[in-house]
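Trainee: Protein chains in written order, with my numbering: chain A, 1 to 288; chain B, 289 to 610.
Keep in mind that a hint or two might mislead.
Keeping only pairs whose Cα atoms sit at most 30 Å apart, straight-line, the calculated DSSO-like set for lysine-lysine is [what the hints assert, rightly or not]:
1) B:Lys462 to B:Lys599
2) A:Lys19 to A:Lys4
3) A:Lys196 to A:Lys110
4) A:Lys53 to B:Lys599
5) B:Lys552 to A:Lys233
6) A:Lys4 to B:Lys507
7) B:Lys526 to A:Lys19
8) B:Lys507 to A:Lys7
9) B:Lys507 to A:Lys19
10) A:Lys53 to B:Lys462
11) B:Lys599 to A:Lys110
12) B:Lys552 to B:Lys526
13) B:Lys526 to B:Lys462
14) A:Lys19 to A:Lys7
Simulated from the structure, these hints should not be mistaken for lab results. Note that the structure is a prediction, hence the values are computed from the model and not measured.
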Amino acid sequence: MTEKRAKQMRRNLRVWSRKGILVALAVILSIVMTFPLFWMVSGSFKSRGEIYKPPPSLLPRDWTTEGYEMLMYYTNFPAWFTNSLLVATVSSIFALLLGLGAIYGVARFKFIGGRAFTYIVLITYMLPPILLVIPLYSFWVRIGLADSLLALALTYVTFTLPFALWMLRSYIETISPEMEEAAMVDGATRFQAFHKITLPQAVPGMIATFIFTFILAWNEYLYALVMISSESKKTVALGIGNLVGVKALFSWGMLNAGGVLATIPILIFFVFLQKRLVAGFSVGALKG
Amino acid sequence: MSKISNRVQSSNKGNRTRNNGTAGSVRSRRWNRDRVVGLLVFMPAFLTVVIIGVYPIIRVLGYSFYRVDIFFKKNVFIGLGNYIRVLQWSDFWSALQNDIVFTVSSIILQLLIGLMVALLLHEAFPGRDISRSAILFSYLVPIVVAALVWRYMLNDIFGIMNYLVDISGLPIPKTWLSSPQTAMPTVVMINVWKFFPFMVITFLAQLQSISPTLYEAAKIDGSSRWQEFLFITLPALKPVIFIVLMLRSIWTFNNFDLIYLLTKGGPLGTTETPPLLIFRTVFGSYNLGKGAALAAIMFVLLAGLSIVYLKLYERAQAQLVG
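If we strip away everything but chain B, and leave its shape as in the complex, we get (with noise of 0.2 Å):
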């Protein structure tokens, strides 16, 4: 802060030894003066960043070298001792390959269903405006409330899921989130309808921007629907495609809540994923230093994605222009 302060003041000194009193020097005064009042009203963004975002990244990093023994308050350094222990872990392979199942078959579904709703209600019908706000409603809920109701739909005993199995005749296991077979495939279906529509929204917004003019010279040239959305709507919608991936992907990768009220991780943890087993092992059995590496990991993975998105992104782009 005193630093800042010192500038005002020798900026404001040396304006006023160089200039005489002319217009030029009353702007570049004032210019100067906004500058400090530009940095000022920036910096406390600026800090509160560096305190919540950074700040707990090194630190992290540095839990992760050490046994921290949260009873003892004796941390003994121990190396890449943390990190081995975790590769050695056999609950990380199975968290990380749960996540990964996760992951992508959220996505994969949430990008098909995503499209063919923003498809839908891209066309003019009546109610159309109805079916968007209906649309965004389990995007809204509190995930706590999402999981609650699932529950309440999904119970073994008195659960309308049940009941409507029974009544269709489907062949459906009537055992949803209480098996180690078909827990993962309805924490997925679940974590489907709350997330989908967020696709929906940025498809619909992007499909508004694309000139009608397109479609009518597709029209004038005898183009079938299938070949307007091939060469007109999918390559428009190309780069947001890649934008929602990388972020819905991102984000599923690291949900923590709708898992955990779900199943907590179970039945014998076959939906448990490294947010929750990094819960676990910091929370649970109280191993901060552990926790941390399984974090560092996490986060490099996470980076390791991210790279890979944007490449792919940067070369889509450049085909796009090419």
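With the rest of the complex left out, here is chain A (with noise of 0.2 Å):
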């Protein structure tokens, strides 16, 4: 009896130990991961004098908003935020329409070279961006869009489409064309029937897309340092690495204050698809 305990609470002992390992490693790891983005918050409320006097302290001693208020005060932040809409939202819903029909089209109406297309769209994702920003730089010099936030959403759909299509497919394909077959059996129009059954299946995945590109297009750099040049134009991520450039004209804490508001949109996604992250990270394959 007494030998029977002693078994049962060795092996008690050893699952608590195994799980008490894995619980420390976890809370490494999410510390190591994190903890940049900590310092950043931690600092962004930090006065001038603080983040220079040694040793660094984990909290601000005295919070400050100071970085926030020189920040809006040197720079245009809202309006660069405002752009940063503007453009991530244009370039997200362009390729969402654009996506959907074309992967619509390919799964319901299975025409030749449809497959090859979604191949091709693949490949397009797989060329560099600064392959494709010369000529596409030139071709907006030509047809007098340079310097054009429009011009920027529009180039903008040369990543955000690819990323559309490839995710829509997966949510696509798993809706049946049975319901919508039947649907114009009993009259209904391919329009109706594409409206009443298949768009409010794809809904959810359609919101997932969207919350995704809109992430590619908000934290997109390069294209937005070839082709926007006027201060007004200018985006988060190119106001932000602009000043990360010429960082000795500035305080820390108002680069930590623009990064950390340059994060919250992406943190707000990220609360709302938890859930979703693995099956949209698994299907499409962010780009970085």
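Fit chain to chain and form the complex, with the hints in mind.
Mentor: Written out as structure tokens, the structure is:
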């Protein structure tokens, strides 16, 4: 009896110590991965003097919003922010509509070359942006759309469309065409069948796709760097990137404040779609 | 567009004359009209891809055979002149070498760390979901922000990394991004931090699809954990590993923003890779032709790399089946 209990206890101990090790490893991992971002948030509330004074303190000794005030005073940050929202939204909606049409066409009507087309789209996703940016830039210059947010949003379709197409594909292909056909036998038009049957089922996938393409466009830097020259048309990524380049002129409190504000939209979406993240990544493979 | 609408009319007409209002004719007429609708919804994406994907490649190839003068707008055909100049350019070879070092070391580290972390986060323990979210963070944050925060932490005067090196007493050089010896390892470290979660996510998805009965059977046969990993987990992950390696090495090779924002290719060109060199050639020296030739060479290298990967992938698949 006692021997049995001792054995049971030993086994419990082994299970628990294993769990303990796993938790410890996970805690260390989580800290290493999130510390830089914590450090940025903390730094954004530190005064100029405190940032330069060793030893560094984990949390600000005197909380100040000096960095945020300077950001609003010295830069066009609000304009950058709206520009980014605009460009990311337009390019994502564009990609969503085009992608939905294309993948619906390929999945339902199976015309020749449809599948091949989806692979060509995937290849354009692999092309180096530095290769695409040269001809696209001279193209926009030639038609008089240099330094324009519209041109930038359309340029972003080079990566939002391939992503949207491949992510939507996995959603659309799981919706069976039979229900649509049944509705059409009952007298519905193709559009009604699509609108009433397929579209509602595709909405969750469309929302997830929109969020992913939005994040891609929000984070983009190279195209903005090449195409946008006037201060008022900068995106958040471009504006912050330039500040990092001339950091000597500004305080790190202000740079950190910019970094925090640039991350907030991503953070909101992140909370929004945590559950879907695994599915989204494995399906579409986000670009980096 | 007019061609399509012609086809709509002719197909409708054809149906009307051939059939006389039987049920079959309604269906086939609808089917034909359907195909046109399908083509119509498909075309916008197709045209967009042609404009933004295919046209640029042709343009770049075109530029690469000309001496393009941006100021005088006079283009002179010089055949392979740009290519010869690029191949004789020492900056090109050192950039290529830098990129190979950058890509290979980043990918190997990401793969190893990604595999270990995926196995860890596949286990059941309290707080697992929180750590799964925590590691995704670096991946979703804008590259600009990642560069900013690392430059903040690596600052030589007040950076917390140097402070940590000091108090830990580890023999780590405190020069980070500012010396030619340490710049590349530092950029690789930041790149690994930023992008290995991509591997974790894909591996986790695949791990979840392995049937638990395989492990139960192995346990009954008395296999060790290491054997389970070697004979069940790893073979199941193999196809995904190939795809992820291909995607990540192409994107790492193409990377522009992270390196540009961290070092601008310096110090002394030790972190300059072909994308940065192309940027400098085209938008710094305004040598469009030479930059285009560089881009074309890079494109060929990438295509070669993809073919090698696909061949290896096919061989791995064949082994799996056979």
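Trainee: Please write out, lowest number first, the hints stated earlier that are contradicted by the structure.
Mentor: 1, 4, 12 and 13
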